[in-house]
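**Student:** Each chain, letter by letter, is given below.
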Amino acid sequence: SQQGEEDPQALSIQEGENATMNCSYKTSINNLQWYRQNSGRGLVHLILIRSNEREKHSGRLRVTLDTSKKSSSLLITASRAADTASYFCATATSGTYKYIFGTGTRLKVLA
Amino acid sequence: DVKVTQSSRYLVKRTGEKVFLECVQDMDHENMFWYRQDPGLGLRLIYFSYDVKMKEKGDIPEGYSVSREKKERFSLILESASTNQTSMYLCASSSRRGRYYEQFFGPGTRLTVL
Chain A
49 SQQGEEDPQA
59 LSIQEGENAT
69 MNCSYKTSIN
79 NLQWYRQNSG
89 RGLVHLILIR
99 SNEREKHSGR
109 LRVTLDTSKK
119 SSSLLITASR
129 AADTASYFCA
139 TATSGTYKYI
149 FGTGTRLKVL
159 A
Chain Z
11 DVKVTQSSRY
21 LVKRTGEKVF
31 LECVQDMDHE
41 NMFWYRQDPG
51 LGLRLIYFSY
61 DVKMKEKGDI
71 PEGYSVSREK
81 KERFSLILES
91 ASTNQTSMYL
101 CASSSRRGRY
111 YEQFFGPGTR
121 LTVL
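For the protein sequence lines, the chains are A and Z, in the order given.
Residue numbering for the first sequence follows my numbering, starting at 49 and increasing by one per position.
Residue numbering for the second sequence follows my numbering, starting at 11 and increasing by one per position.
Since the hints were made in silico from the structure, they are not lab data.
Predicted model only: the values in this text are computed from it and were never measured.
Be aware that a few hints might be false.
[Said to hold, decoys possible] The calculated lysine-lysine pairs, modelled on DSSO-like cross-linking and capped at a C-alpha distance of 30 Å, are:
#1 Z/Lys80 <-> A/Lys146
#2 A/Lys118 <-> Z/Lys67
#3 Z/Lys81 <-> A/Lys146
Please take these sequences and the hints and turn them into a complete structure.
**Tutor:** Structure follows, in structure tokens:
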């Protein structure tokens with residue numbers, strides 16, 4: 049069963065705006081990762097946040113993690129048309145190499 | 011530049027055929043994974059392997075088998091393809107060194123079963 053559920057399922061914004069997408073999960077995790085998938089391609093790793101971290105930045109990306117609410121958010125600032133893609137969260141529990149992926153958020157950035 | 015390659019980008023097979031999907035990674039990773047991706051369902055884990063000749067079932071292993079004879083290669087086998095196996099198949103690999111394991115993905119194989 050899918051552990052991660054992204055919200056919203058789809059998001060359309062203008063270039064330059066910020067995009068926020070959320071991920072909820074069900075069980076305790078060791079870490080949470082965000083991936084991007086361009087249309088019809090494989091996934092690319094964006095950022096990893098550990099269970100003992102609350103916030104992490106990488107370039108225009110900001111990820112937060114609230115383990116008490118079992119949720120994470122990905123913020124993309126000053127979006128560009130090239131950010132148009134699907135974004136997935138993936139969670140892993142301790143003692144396993146497996147990740148469980150959510151259903152994804154489709155982001156469209158309009159030029 | 012790290013790389014995961016898959017044998018085909020697009021594949022069309024007939025119902026009942028035996029289908030082999032190949033995945034090769036050049037990063038000396040211990041872990042390899044096969045997922046299928048369907049609209050609205052995200053990525054679902056079919057099988058994974060944490061070492062040569064070792065395999066573990068994922069969430070949807072029915073109708074599939076796998077083979078890992080060499081560390082760099084992980085094959086997904088559809089013993090008798092059916093139309094409900096039409097999907098995008100994604101291979102990934104990850105290292106076991108350290109505590110946190112980023113996955114590296116191949117470009118995917120879009121399989122159509124007629």
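**Student:** So which hints don't hold here, by number, going up?
**Tutor:** none
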